[in-house]
Amino acid sequence: YSPVFVDAFLSAASSKAWVIFSTKQLRDQETAYDGFATATWRCTWTSGAGSKARSRTSLVRLEGIGDGEVGDAQRKTLVVHCPAPVGLVGQPVLGVEAVNHAGSRIFERSGIRVRRKSAFEESKTALCTMVIQDTPASPFLTDWVRYHLSFGFEQIVVYVEDPDVYWAEDLLAGYLDRGQVRLVHFYFGSLSDTRSWMMQQAQEQHCLYSAKGRVRWLGHSDIDEYFQVMDPNMKPRVAGEMADHFNRFLDDMPRRTNFVSDIPAISVQSQLWYFFSRDDCSEAKFLPCDMTCKAAGYDSIKTKLIMSPDSVDYFSVHMLTRYRGQVYHARPWDEIRVNHFKYLPNGSRDGGQCSEDISFKNVCRTGLGYKSREPGQESWGNAPPELCRGRPHPHGWIAR
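FYI, the numbering for the sequence shown is 1 to 400, going by this note's numbering.
No lab work stands behind these hints, which were simulated from the structure alone.
Glycine included, each C-beta is placed from N, C-alpha and C at the ideal position.
Check before you lean on any hint, since a few could be wrong.
[Claimed, not checked] Calculated lysine-lysine pairs in the BS3-like style (CA-CA distance at most 25 Å, straight line):
#	residue 1	residue 2
1	Lys117	Lys212
2	Lys212	Lys124
3	Lys16	Lys124
4	Lys16	Lys117
5	Lys212	Lys16
[Unchecked claim] Quick list of the computed label-pair ranges, beta carbon to beta carbon:
#	residue 1	residue 2	range
6	Asp244	Gly325	23 to 29 Å
7	Val89	Asn258	44 to 50 Å
8	Ile106	Arg255	45 to 51 Å
9	Thr135	Ala173	35 to 41 Å
10	Trp167	Asn233	36 to 42 Å
11	Tyr187	Glu241	34 to 40 Å
12	Gly90	Pro232	54 to 60 Å
13	Gly111	Arg248	45 to 51 Å
My request is simple: use the sequences and hints to build the entire structure.
Dropping the structure here:
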């Protein structure tokens, strides 16, 4: 079987085209992927200047031992780098072929139309995610977008893996009209119809390469995950202050790290976090309401990334696998974290509505197991232990 063609588009400087293929569906995937990844790829332009150029795939080296453990090594995406002729005009079209070490052609595709426009505009910060309509979190897409725009991400790109995108267009109409959100229709027939996120890593590489040369800091998370700046000197009193604090945190990275090399990404720990007191809980008023606790067994060591796209060539859900520089592992208790609300299949919710100014009502009651013992006495303890794993750590994060 052949790799599935995902997309082709020009880089920000139009010096090259990136052509993306997925090998997730192939039989004997590891062997097939290695063959394609180590082949010589020839790119032939058939429009524009009409010249020819040669390139190679960007080879993938899985560098983190945790990569295989979380299953990310099983999601494979090829990104072919095709140098572009000078003076491209009109609609660029190219063909690619892969030749193995013996000189035999193992793959060929022609007539690839190369897009000139990226999914991103130029900005300091951006965020991307992928959604499927019939998942438990999809009704909260609007809340997630509203929160993260207020948090400080200047633009959000939402990849929709459904036959139609009308449901997301309806939910996000105002943000689409204002240019704050863009939708990418990312549906691949029977692969997408499995509803098992078969194309997730292809989406991640598409997001990464679309942002190169255009975005300084690129976040990636699911729509039940919410970034929070935890620096005690940056506690927002109103929703509008979140963006200022996020930008201050990013601008302050050189002082925080003292790294000699570039920072390809900030690794942000993800978990359902505990509160120790009513005061701590009340400070979380900007998180969405009507969420339930995580199911037991969720691993506390997973992370999400805020990347510098120009320093990263490949990432895999929770970690970088090909990059330049030194990754910064942020402290979740006093720098930045991801609050991950994972749904229980039979979890109960009280149906409360979120207010428009992102000061959500009763977030602690509905999201963190609020209990009233007696009139006038309130318990702000953790969610029931049978639903959540672990106990509070002295620093406020979950210990395994």
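Hint check results:
1. Lys117 to Lys212: Measuring from Cα to Cα gives roughly 13 Å; hence the hint holds.
2. Lys212 to Lys124: Distance ~12 Å between Lys212 and Lys124 Cα, so the pair holds.
3. Lys16 to Lys124: This hinted pair holds, its Cα atoms lying about 23 Å apart.
4. Lys16 to Lys117: holds (13 Å)
5. Lys212 to Lys16: holds (12 Å)
6. Asp244 to Gly325: 23 to 29 Å: This hint holds: roughly 27 Å between Cβ atoms.
7. Val89 to Asn258: 44 to 50 Å: Because 48 Å falls inside the window, the suggested range holds.
8. Ile106 to Arg255: 45 to 51 Å: Distance hint for Ile106, Arg255 holds at roughly 50 Å.
9. Thr135 to Ala173: 35 to 41 Å: The hinted range 35 to 41 Å is violated for Thr135 and Ala173, with Cβ atoms some 21 Å apart.
10. Trp167 to Asn233: 36 to 42 Å: Since Trp167 and Asn233 have Cβ atoms about 41 Å apart, the given range 36 to 42 Å holds.
11. Tyr187 to Glu241: 34 to 40 Å: holds (38 Å)
12. Gly90 to Pro232: 54 to 60 Å: Since the Cβ atoms of Gly90 and Pro232 sit about 56 Å apart, the hinted range of 54 to 60 Å holds.
13. Gly111 to Arg248: 45 to 51 Å: Given about 49 Å between the Cβ atoms, the range holds.
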